[in-house]
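Listed below, chain by chain, are the residues.
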Amino acid sequence: MKRTNRSVIPGFGLTTGITLAILGVVVLIPLASLVVFTAQMSFDEIIETITRDRVLSSFRVSFTTAFIASFINAVMGIILAWVLVKYTFPCKRLIDGMIELPFALPTAVAGIALTALTADTGLVGGFFAKFGIKIAFTQIGITVALVFIGIPFVVRAVQPVLEKLDPAYEEAAGVLGASRSRIFWKVIFPEIVPAALTGFGLAFGRCLGEYGSVVFIAGNKPFETEIAPLIIMSELQEYDYASATTIALVMLVASFVTLFLVNLIQTRNTKILKGGA
Amino acid sequence: MYKETTSSKIVKWSLIGISIAFVVLMLLLPLITVIAEAFKQGFDIYAKAVSDNYTTKAIWLTLEATLLAVIINTVFGLSAAWSLTKFQFKGKKILTTLIDLPVTVSPIIAGLIFLLTFGRQSPIYPLLQDWDIKIVFAVPGIVLATIFVTFPFISRELIPVLEARGNDEEEAAALMGAKGWTIFRKITFPHIKWAFLYGVVLCAARAMGEFGAVSVISGHLRGKTNTLPLHVEILFNEFQYVPAFAVSSILVMLAIVILIARSVIEYRGRKKI
Amino acid sequence: MYVELKNINKHFGNFKASDNVSFGIEKGKLIGLLGPSGSGKTTILRMIAGLENPDSGEIIIDGKVINNVPASKRGIGFVFQSYALFRYMTVFENIAFGLRVLKKSENEIKERVAELVKLIGLEGLENRYPSQLSGGQRQRVAFARALAPNPQLLLLDEPFAAIDAKVRQELRHWLKEMIAKLGVTSIFVTHDQDEAIEVADEIIITNKGRIDQIGKPLDVYSKPKTAFVASFFGQPSIFKDYNKFHSFDTIPNVDQAIVRPEFVKVTKKNEVQKFKNSAEEGVVTDVAFRGSGIEITVLVNGETLTARRSFDEPSISVGEKVDVFIYRLFVTVGNYAFLLENKSIREPIVVI
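Protein chains in written order, with this note's numbering: chain A, 1 to 277; chain B, 1001 to 1273; chain C, 2001 to 2352.
Please note: incorrect hints may appear among the correct ones.
[Unchecked claim] With a Cα cut of at most 27 angstroms, we get these calculated BS3-like pairs of lysine-lysine:
| # | chain 1 | residue 1 | chain 2 | residue 2 |
| --- | --- | --- | --- | --- |
| 1 | B | K1012 | A | K86 |
| 2 | B | K1040 | A | K130 |
| 3 | A | K164 | B | K1012 |
| 4 | B | K1179 | C | K2103 |
| 5 | B | K1012 | A | K186 |
| 6 | C | K2104 | B | K1179 |
| 7 | A | K86 | B | K1009 |
| 8 | C | K2276 | C | K2244 |
| 9 | A | K164 | B | K1009 |
| 10 | A | K92 | B | K1012 |
| 11 | B | K1179 | C | K2110 |
| 12 | B | K1090 | C | K2016 |
| 13 | C | K2016 | C | K2006 |
| 14 | C | K2276 | C | K2343 |
| 15 | C | K2073 | B | K1186 |
| 16 | B | K1186 | C | K2110 |
| 17 | C | K2073 | C | K2104 |
| 18 | C | K2016 | B | K1092 |
| 19 | B | K1186 | C | K2118 |
| 20 | C | K2073 | B | K1179 |
| 21 | A | K164 | B | K1193 |
| 22 | C | K2208 | C | K2223 |
| 23 | C | K2016 | B | K1093 |
| 24 | A | K186 | B | K1009 |
[As the list claims (entries may be wrong)] Residues from chain A that face chain B, not an exhaustive set, calculated with beta carbons under 10 angstroms:
| # | residue |
| --- | --- |
| 25 | T15 |
| 26 | V27 |
| 27 | L84 |
| 28 | G111 |
| 29 | R180 |
If you are wondering where the hints come from, they were derived from the structure by calculation, not from laboratory data.
Where a beta carbon is used, it is the ideal one built from N, C-alpha and C, also for glycine.
So that you can see chain A by itself, here it is in the shape it has in the complex (with noise of 0.2 angstroms):
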């Protein structure tokens, strides 16, 4: 890597050197490990363990699984956006704080928490069961985790552009005569849509991949609520490295291509708003 341009500021060898170093140590070198390893399969080799009927259906649940999550976090992430940013109430900084909690508790026990929460004996399984409605266990059980898992994205990406929101802007529609739903519809909702877009995106992302919280509430039944990392899982403790690293393959693909939408919106909202073409 060279500079461009020398610079006066001293420490660019080194910086530069040891940031090459440890991301060459344990980022590039493990994933070109992936890549080694893939190369040395064959097209039908890999065609044939993904298109297993267990394989293809684990792909389903945890597509559709993180899909409903993340669309049920867009709609409550713009809510809670809202609600902390434009009201004010009791409590208001605790909530704030909370949103957070999915960040800083190991999924492990969130996973077991929501379990014993869900299950037929739990407390607000209990409740539903009542109805003849099971959560644990399901593939309800599974999207209850994701949901929790996903709640701060899209939340932290729609709060600031709703506080950078001018409130002249809302004003002027008021003046105009424009009522508070039209103004809401018409005005804030497109300012905010790219950002929710872009938490959604990410949550989408995460839950994919989401291990720790959905693998207790789950109940890994095949073809019923098995999730393609829990696949991963299982072909690794058989050994499989193959198999599990074709599937491993499919969900990279798919995670960076949502991740590559996201910048797409990212680029687009940030041109759109500076003016540029």
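Chains B and C: place on chain A using the hints.
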């Protein structure tokens, strides 16, 4: 702001109601469940579970892995932030993308790639054997996986702060002949102090709670390669619910400490600017 | 020559920031590098300081080529546009920083800082942080900090840009005095022509990476050599065909004519004017009050010209027909500028 009408009050309070209900149901209730389940059979059972030999070993391993991850990511984060914000060079964009990459990788896959790199089927496995280095199913593997999942946590807090501030002060100091370390210590660090602490807290939070990646690489050797979250899993799967929740309660308390630390740092950091 | 640049070239990607730049500066002079933004003036300053490196050419200070001397060893004081004061250090520590780097003794540092604080008139504020100072005070601290290690050359990048108009005026005088008192060779960058004319001993005008003209402020102002310099100063009215106005010599291949407000005399029909006979009729399109007088815009022969009148003269209103006389104008041929005098000034006045 214009006056509140009755209908807007209804909207306001119903939205606040929905929000509070959601937070209580999804976030608070699980926390309470952990504590309630942990003390279900009294304090003695709880104390016994927490002070259990395997639990203490898991606590130490978790602390060790967390500490190492924080240290390595600190060195990395500070270096990367300095390199990426103080200099212009080719490949900067790619470097930034690569640094962010680990958070998009599923923890399971993070564990898997270390397994492939250092495990039995890896080309360098014989070499490691010759030198008697154990990485997979051992502590070094756990530490590596933990570093991987928390990789950009510190650098990504520092880079925006440094970028927003520009390099004027550093250039001025360098022009007067100050050495790199002096510039960093006296000029740069005071600016990034809070962002850095914030990153350390986030990094520590994720490191101590990491489950998937560590689960893959650890081999679940009780008392040897068990971190707290893995210990929770084993206990839970053995239907030892009370001990599982007792051990969890330690992690819950750590999580609460982290949340409070995070709020304080965020508040102090904002005030300083 | 104390500072000398020889055939300096510098690119940023495809952008040519310095195009064969050469000039010299005498010891003890205060030089203004003047030009529009993007003209390469800041790049020149940063190259002298060592913050950028030229692609080719030589930079010489005090007889030594310093291209390969690191910035910190060049003995240069640099005042940044935004001052770049160390925000987490007090005024005292800011000024002392360069001395500490030189490992001066604590006593020496105290003495020197006290001396400088006195010089910039901020006694009693040593323990304040930059955020607790006004813009003008910050600028003075930046100045003192740059001077603390006794540099032989002081470079200032847009030193007044971040200060509001009223304080700016005051600071300009202060800085000029201060530099004259200390006798340190100084170069400052500015895009503000008034500032350059007022402060500098000599002005270097940059345009598109090249040096267009070097000279004393008055010379550069009144004897522009290039088309760019002619149009840069004042508040010029620019048009193509100057032959619409009579009594000027005709020279071939003229691209543009440039008329500054002070070249134009506007008089009411009933006012006495020496060159009334050669004046042409115009219609006033705008009358505006400026701090220093009245600015009048007139339409003459299809061209819009700007002129000034003092408050004492009889007032003129919009739509009024007036006499307009042009004393002189600049014409440009290619890159060059020439001054044309109105011939009727030299001709004997015919009184009917």
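Evaluation of the provided hints:
For the hint pairing K1012 of chain B with K86 of chain A, the CA-to-CA distance comes to about 9 angstroms; that is within 27 angstroms, so the pair holds. Between K1040 of chain B and K130 of chain A the CA atoms are separated by roughly 24 angstroms; this keeps the pair inside 27 angstroms, and the hint holds. About 20 angstroms separates the Cα atoms of K164 of chain A and K1012 of chain B, which keeps this hinted pair within 27 angstroms; it holds. With a CA separation close to 12 angstroms, the supplied pair K1179 of chain B and K2103 of chain C stays within the 27 angstroms bound.
Taking the CA atoms of K1012 of chain B and K186 of chain A, the gap is near 19 angstroms; set against the 27 angstroms cutoff, the hint holds. About 16 angstroms separates the Cα atoms of K2104 of chain C and K1179 of chain B, which keeps this hinted pair within 27 angstroms; it holds. Restraint check for K86 of chain A and K1009 of chain B: satisfied, since their Cα atoms lie roughly 12 angstroms apart, inside the 27 angstroms limit. With a C-alpha separation of about 17 angstroms, the suggested pair K2276 of chain C and K2244 of chain C falls inside the 27 angstroms cut-off, and the hint holds.
Under the criterion of a C-alpha separation no larger than 27 angstroms, the hint pairing K164 of chain A with K1009 of chain B is consistent with the structure, at around 23 angstroms. Of the pairs offered as hints, the one joining K92 of chain A and K1012 of chain B holds, with about 14 angstroms between alpha carbons and a cut-off of 27 angstroms not exceeded. Using a Cα cut-off of 27 angstroms, the hinted pair K1179 of chain B and K2110 of chain C holds, with the two alpha carbons roughly 22 angstroms apart. Between K1090 of chain B and K2016 of chain C the alpha-carbon distance is near 20 angstroms, which keeps this suggested pair within the 27 angstroms criterion.
In summary, the hint linking K2016 of chain C to K2006 of chain C is supported, as the alpha carbons are separated by about 16 angstroms, within the 27 angstroms threshold. Annotation: proposed proximity of K2276 of chain C to K2343 of chain C holds, straight-line Cα distance about 13 angstroms (limit 27 angstroms). For the hint linking K2073 of chain C to K1186 of chain B, the alpha-carbon distance of about 20 angstroms falls within 27 angstroms, and the restraint holds. Between the alpha carbons of K1186 of chain B and K2110 of chain C the distance comes to roughly 19 angstroms, so the proposed pair stays at or under 27 angstroms and holds.
Taking the CA atoms of K2073 of chain C and K2104 of chain C, the gap is about 16 angstroms. The hint holds against a cut of 27 angstroms. For the hint pairing K2016 of chain C with K1092 of chain B, the CA-to-CA distance comes to about 23 angstroms; that is within 27 angstroms, so the pair holds. Between the alpha carbons of K1186 of chain B and K2118 of chain C the distance comes to roughly 26 angstroms, so the proposed pair stays at or under 27 angstroms and holds. Taking the CA atoms of K2073 of chain C and K1179 of chain B, the gap is near 12 angstroms; set against the 27 angstroms cutoff, the hint holds.
Only pairs whose Cα atoms come within 27 angstroms are accepted, and K164 of chain A paired with K1193 of chain B is accepted, the gap being roughly 25 angstroms. As the CA atoms of K2208 of chain C and K2223 of chain C are separated by approximately 20 angstroms, the hinted pair is consistent with the 27 angstroms bound. Taken as a hint, the K2016 of chain C and K1093 of chain B pair is honoured in the structure, with Cα atoms around 24 angstroms apart against an allowance of 27 angstroms. Annotation: proposed proximity of K186 of chain A to K1009 of chain B holds, straight-line Cα distance about 21 angstroms (limit 27 angstroms).
With a least beta-carbon distance of about 4 angstroms to chain B, the hint placing T15 of chain A at the interface is held under the 10 angstroms criterion. Hint on V27 of chain A holds. Least Cβ distance to chain B is approximately 6 angstroms, under the 10 angstroms limit. Interface restraint check for L84 of chain A: the shortest CB-CB distance to chain B comes to about 8 angstroms, inside 10 angstroms, so the restraint holds. At a threshold of 10 angstroms, the smallest CB-CB gap from G111 of chain A to chain B is about 8 angstroms, leaving the interface hint in force.
The closest approach between the C-beta of R180 of chain A and any C-beta of chain B is roughly 6 angstroms, which is under the 10 angstroms cut-off, so the hint is satisfied.
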